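Trainee: Chain by chain, the residues run as shown.
2 protein chains.
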Amino acid sequence: MAGTLFVVATPIGNLEDLTFRALRTLREVDLVAAEDTRRTSKLLAHYEIRKPLVSLREHNETRETPRLLDRIEKGEQVALVSDAGTPGIADPGAGLVRAAHERGLKVVPIPGPSAVAAVMSVSG
Amino acid sequence: MAGTLFVVATPIGNLEDLTFRALRTLREVDLVAAEDTRRTSKLLAHYEIRKPLVSLREHNETRETPRLLDRIEKGEQVALVSDAGTPGIADPGAGLVRAAHERGLKVVPIPGPSAVAAVMSVSG
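As you go down the protein sequences, you meet chains A and B in turn.
All letters in the first sequence, in the order written, are residues 387 to 510 by this note's numbering.
All letters in the second sequence, in the order written, are residues 387 to 510 by this note's numbering.
Derived by calculation from the structure, the hints in this document are not laboratory data.
The structure displayed is predicted, hence computed values, not measured ones.
Ideal Cβ placement from N, Cα and C applies to all residues, glycine included.
Keep in mind that a hint or two might mislead.
If you anchor each label on the Cβ, the simulated ranges turn out as follows [unchecked claim]:
1) B:Leu401 to A:Arg484: 27 to 33 Å
2) A:Ala431 to B:Glu459: 51 to 57 Å
3) A:Arg484 to B:Met387: 50 to 56 Å
4) B:Arg436 to A:Leu439: 37 to 43 Å
5) A:Arg424 to B:Lys437: 54 to 60 Å
6) A:Arg489 to B:Thr448: 52 to 58 Å
7) A:Arg413 to B:Tyr433: 32 to 38 Å
8) A:Glu414 to B:Pro452: 43 to 49 Å
9) B:Lys437 to A:Ala388: 17 to 23 Å
10) B:Arg453 to A:Arg489: 53 to 59 Å
11) B:Tyr433 to A:Leu401: 16 to 22 Å
12) A:Tyr433 to B:Ser441: 46 to 52 Å
13) B:Leu401 to A:Glu444: 35 to 41 Å
Beyond 10 Å from chain A on every Cβ pair, some chain B residues (computed) [stated by the list, open to error]:
14) Glu402
15) Thr405
16) Arg425
17) Pro497
Extracted from the complex, chain A is given alone in its bound form:
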């Protein structure tokens, strides 16, 4: 049975801005794909999570995307995190999400803090 691609929104500035569901997802997956592995490592270390981390950047997304999807097809659970709040809007992760949809794989969003919404909430 194929695994799932979890699209995990991670904190923008404050490590404490992670949701309980995002933490549980990061704890349960087999693999974490991230644009900024240094920043993601810091987040995982903060919550004492040890997972294989795959870097997903513009220069390697063409190669890494099919590899990640193959692993999901074989049953692995993968979390995609981004360094810019909710991933998939304008980053290499968008290509992974699109390709996962094309292959008919399950994609589950794990919502997280949005900088836009936070700013709007105090503008009155």
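Since the structure of chain A is already known, use the hints to place chain B on it.
Mentor: Chain B alone, transformed into the frame defined by chain A:
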């Protein structure tokens, strides 16, 4: 010294979509103001938080807003939560935030999940 109005984004559908910072804030304030006290009670109960809850709705916001601001001026910490994700965009809470700004009170946003961002993140 005056207190602070914390504008806390709360989960839209899943109680687990609360951030660690939002939980800490709800634990630390003296009072929680909410549009939907039934829903907010459920959230507080889930995390075993017991706090006085003030209902803030269209029919009572004219009366409750100055009362809440008086309490903040006297030093109490107040959390404003909404049943629609990040509060303050289009609900009675917006009036409270605006009035707090007008009185020169400190307003601190605690970011949380955004339904909009979550939907965008899986549209690929």
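Trainee: Hint by hint, say whether it matches the structure.
Mentor: Cross-check of the supplied hints:
Taking the beta carbon of each, leucine 401 (chain B) and arginine 484 (chain A) are about 31 Å apart, inside 27 to 33 Å as hinted. One distance hint, 51 to 57 Å for the beta-carbon pair alanine 431 (chain A) and glutamate 459 (chain B), is violated here, with the actual separation near 41 Å. Hint check: arginine 484 (chain A) to methionine 387 (chain B), Cβ distance near 52 Å, so the stated range 50 to 56 Å holds. Range check, arginine 436 (chain B) to leucine 439 (chain A): about 40 Å between beta-carbon atoms, so the 37 to 43 Å window is met.
Separation of arginine 424 (chain A) from lysine 437 (chain B) is about 39 Å and departs from the stated range, judged on CB atoms against 54 to 60 Å. Remark: the range hint 52 to 58 Å for arginine 489 (chain A) to threonine 448 (chain B) is upheld by a beta-carbon distance near 55 Å. A C-beta distance of roughly 19 Å is found between arginine 413 (chain A) and tyrosine 433 (chain B), which places it outside the suggested range of 32 to 38 Å. Taken as a hint, the range 43 to 49 Å holds for the pair glutamate 414 (chain A) and proline 452 (chain B), whose Cβ atoms sit roughly 47 Å apart.
Under the hint 17 to 23 Å, the C-beta atoms of lysine 437 (chain B) and alanine 388 (chain A), about 44 Å apart, miss the expected range. Look at arginine 453 (chain B) against arginine 489 (chain A): about 56 Å separates their beta carbons, and that is inside 53 to 59 Å. Distance hint check for tyrosine 433 (chain B) and leucine 401 (chain A): the Cβ-Cβ separation is about 19 Å, which falls inside the suggested range of 16 to 22 Å. Restraint check, tyrosine 433 (chain A) to serine 441 (chain B): a C-beta distance of roughly 35 Å breaks the suggested window 46 to 52 Å.
Our hint of 35 to 41 Å for leucine 401 (chain B) and glutamate 444 (chain A) holds, since their Cβ atoms are close to 37 Å apart. At the 10 Å boundary, the C-beta of glutamate 402 (chain B) falls inside the reach of chain A, the nearest C-beta of that chain being 4 Å off. Interface exclusion of threonine 405 (chain B) from chain A breaks down, the closest Cβ pair being 5 Å apart, not more than 10 Å. Every CB of chain A is more than 10 Å from the CB of arginine 425 (chain B) (nearest about 17 Å), matching its label as outside the interface.
Its closest Cβ contact with chain A, about 3 Å, brings proline 497 (chain B) to no more than 10 Å, contrary to its assignment away from the interface.
Of the numbered hints stated above, those contradicted by the structure are hints 2, 5, 7, 9, 12, 14, 15, 17, listed in ascending order.
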